[in-house]
Amino acid sequence: MNAKQSTLIGKLSLLVVAMFAFGYALVPLYDVFCDITGINGKTAAEPVSAEEAIVDTSREITIEFIARPNQQMPWIFKPEVRRMTVHPGEIHVMNYLAENPTIRSIVGQAVPSVSPGRAALFFHKIECFCFTQQYLAGGKDMLMPLQFYVDPALPAQYSTITLSYTLYDVTAQWQPDEHDNASEFGE
Amino acid sequence: MSTVTTADHHDEHHDHKPTGIKRWLFTTNHKDIGSMYLIFALVMFFIGGAMAMVIRLELFQPGLQFVDPQFFNQMTTVHGLIMVFGAVMPAFTGLANWMIPMMIGAPDMALPRMNNWSFWILPFAFLILLITLFMPGGGPDFGWTFYAPLSTTYSNDTTALFVFSVHIMGISSIMGAINVIVTIVNMRAPGMTWMKMPLFVWTWLITAFLLIMVMPVLAGVVTMVLTDKYFATSFFDAAGGGDPVLFQHIFWFFGHPEVYIMILPAFGIVSAIVPTFARKKLFGYASMVYATASIAILSFLVWAHHMFTTGMPVFATLFFMYTTMLIAVPTGVKVFNWVATMWRGAMTFEVPMMFALAFIVLFTIGGLSGVMLAITPADFQYHDTYFVVAHFHYVLVSGAVFSIVAAAYYWLPKWTGHMYDEKLGQLHFWCSLISVNLLFFPMHFVGLAGMPRRIPDYALQFADFNAFISVGGFLFGLSQLIFVWVIIKCARGGEKATAQVWEGAEGLEWEVPSPAPYHTFGTPPQIK
Numbered sequence: 001m002n003a004k005q006s007t008l009i010g011k012l013s014l015l016v017v018a019m020f021a022f023g024y025a026l027v028p029l030y031d032v033f034c035d036i037t038g039i040n041g042k043t044a045a046e047p048v049s050a051e052e053a054i055v056d057t058s059r060e061i062t063i064e065f066i067a068r069p070n071q072q073m074p075w076i077f078k079p080e081v082r083r084m085t086v087h088p089g090e091i092h093v094m095n096y097l098a099e100n101p102t103i104r105s106i107v108g109q110a111v112p113s114v115s116p117g118r119a120a121l122f123f124h125k126i127e128c129f130c131f132t133q134q135y136l137a138g139g140k141d142m143l144m145p146l147q148f149y150v151d152p153a154l155p156a157q158y159s160t161i162t163l164s165y166t167l168y169d170v171t172a173q174w175q176p177d178e179h180d181n182a183s184e185f186g187e
Numbered sequence: 001m002s003t004v005t006t007a008d009h010h011d012e013h014h015d016h017k018p019t020g021i022k023r024w025l026f027t028t029n030h031k032d033i034g035s036m037y038l039i040f041a042l043v044m045f046f047i048g049g050a051m052a053m054v055i056r057l058e059l060f061q062p063g064l065q066f067v068d069p070q071f072f073n074q075m076t077t078v079h080g081l082i083m084v085f086g087a088v089m090p091a092f093t094g095l096a097n098w099m100i101p102m103m104i105g106a107p108d109m110a111l112p113r114m115n116n117w118s119f120w121i122l123p124f125a126f127l128i129l130l131i132t133l134f135m136p137g138g139g140p141d142f143g144w145t146f147y148a149p150l151s152t153t154y155s156n157d158t159t160a161l162f163v164f165s166v167h168i169m170g171i172s173s174i175m176g177a178i179n180v181i182v183t184i185v186n187m188r189a190p191g192m193t194w195m196k197m198p199l200f201v202w203t204w205l206i207t208a209f210l211l212i213m214v215m216p217v218l219a220g221v222v223t224m225v226l227t228d229k230y231f232a233t234s235f236f237d238a239a240g241g242g243d244p245v246l247f248q249h250i251f252w253f254f255g256h257p258e259v260y261i262m263i264l265p266a267f268g269i270v271s272a273i274v275p276t277f278a279r280k281k282l283f284g285y286a287s288m289v290y291a292t293a294s295i296a297i298l299s300f301l302v303w304a305h306h307m308f309t310t311g312m313p314v315f316a317t318l319f320f321m322y323t324t325m326l327i328a329v330p331t332g333v334k335v336f337n338w339v340a341t342m343w344r345g346a347m348t349f350e351v352p353m354m355f356a357l358a359f360i361v362l363f364t365i366g367g368l369s370g371v372m373l374a375i376t377p378a379d380f381q382y383h384d385t386y387f388v389v390a391h392f393h394y395v396l397v398s399g400a401v402f403s404i405v406a407a408a409y410y411w412l413p414k415w416t417g418h419m420y421d422e423k424l425g426q427l428h429f430w431c432s433l434i435s436v437n438l439l440f441f442p443m444h445f446v447g448l449a450g451m452p453r454r455i456p457d458y459a460l461q462f463a464d465f466n467a468f469i470s471v472g473g474f475l476f477g478l479s480q481l482i483f484v485w486v487i488i489k490c491a492r493g494g495e496k497a498t499a500q501v502w503e504g505a506e507g508l509e510w511e512v513p514s515p516a517p518y519h520t521f522g523t524p525p526q527i528k
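So the protein lines, in turn, are chains A and B.
Position one of the first sequence corresponds to residue 1 (UniProt numbering), numbered consecutively onward.
Position one of the second sequence corresponds to residue 1 (UniProt numbering), numbered consecutively onward.
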């Protein structure tokens, strides 16, 4: 085997390793791409601070709320109202009702999705139950608040924004130290 | 192949090779390894084919007759995996092993020991895959595309074995591809310049680069499925911050170049056969090379046309629609070049030519339905219907598989030293041609009418067409038994083949005697 051949084999092997890494690099790249473009209806995973936004009273935006538990999630999960009309810039609070009808404690994680996808960039959450995992003991219920406003920069073609939450059972992945009531587990 | 004698030191062609099973286990000879790949591919073709027979048996009539839906899903899944990774890809690798060194005037592949290993891990990969069918819970049942969450949240316990078998197939393909590239780059005979290489060598060189670029991505995505299922990662699990649509992006980033991996060597084969039997030089050699390279580059820019219905933004669907349609241009260049090669040629219609001609016509039909599928708004109707099944079987069965069969007939006399039985070969061709169309053409109609793929039952309105399709399927399966008989008969004996075999054949492989000696081109040939 001559030197030229070994160099070529080396380069090709490096390409194999690089492409394997690239496959994994697609994961963060995908998230960054969706964050920047707002496609895929992903909203920010972090809260935004409530700015002194100018309320644009000349426009009305209808916000529709959809909430559904995942097939394997036994909770009852629904918004207090199905839809509300807001002016861009106004801060609103919306409560979601969660009820655990089972006898065991369950941890839930809500994952938001906004439609139309590009409107996601203009839907800001100041506070949301979706930022953390939610713990609910068996037979209990609770109100989960969402505080939000619509960016006045929302392009004019959007008059309705649909916010959909899917609630997942993440009891298996729960990290108890985040919660005070960890001792309730294991009953 | 030279005959294996009982004498330990049989020196006729300086081939000191062990006898019996050890010869095959330890061989580093490109011809032995090529033969093993081809036989392996043929065996896998029949195993995968048997699964297709189960599918067609169940779909012969509406309602659930023979198998339960979960087993049906395992059949569609494993049929796909075996045909793609076990039949078509190893068959092309086998042809590459046999023919590339002989076509470029090299004594063997550049890395013969790795060559041995890349073949011998393959049977174990498929053993692992097939054995899952007999385990509690059954084999993989989430489709060969193993979309998350079907392969993560909802899959059965044997998924880990599926993942490992895909890993092994990937390693095998990558090693094979590295071997092909190193051989072609470093071992061409003096005077064999890039633009003198036969097109089969060119198309394989480009295919090998595609393999190196995408098989690691496939390895990555199956590993993510593995860790999502067993190690609580959340690449594709929305509950943990992942995204199931991401799976489809990564998978199809592999998956679309993969479909060209399965067709580019076929272009090379047809570009070898058509000039031989038209007794003319290939029309537009350079444009063939550039068209192959353009298809390969474009293949990285079209993956999301498999995902139009996931709710992509309009801009993205338009981008992927246009890039997909652009691929029709270099592909069209190829089809017209083949037609132009035949124009005013002194054509004869031996079996390899018949399969190559059928390839050109039927692959073009499959290509055109591909252009239909690329139209985003129309795709919403076609998506996940039998129209898609018809499309990819036209390009893979009457495309890739027909080209492999054509190649087998074309080079069998070189491999065995005997001419195959022309009458039986023609019988095999006509049975295959008629049955393959009876099998796949009506799928267009039921697909357009809305019959979904991967479902073991269907609405009553599709009953007649499905009965036709099933009959076509059984006939196509039976027709391939003729092929096996032709190969066995040809290996055993027959009319002696000359070195050139075909009157119009040109190229280095036709300058060595038939059967090709165990070692060829120990001293490099002179290229005119």
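Careful: at least some of the hints might be erroneous.
In silico lysine-lysine, DSS-like type, Cα no more than 27 angstroms apart, as pairs [said to hold, decoys possible]:
{"id": "1", "chain 1": "B", "residue 1": "K423", "chain 2": "B", "residue 2": "K496"}
{"id": "2", "chain 1": "B", "residue 1": "K528", "chain 2": "A", "residue 2": "K4"}
{"id": "3", "chain 1": "A", "residue 1": "K78", "chain 2": "A", "residue 2": "K4"}
{"id": "4", "chain 1": "B", "residue 1": "K496", "chain 2": "A", "residue 2": "K4"}
FYI, nobody ran anything at the bench for these hints, they're computed from the structure.
Here is what the structure says about each hint:
1. K423/B - K496/B: 16 angstroms, holds
2. K528/B - K4/A: 26 angstroms, holds
3. K78/A - K4/A: 67 angstroms, violated
4. K496/B - K4/A: 42 angstroms, violated
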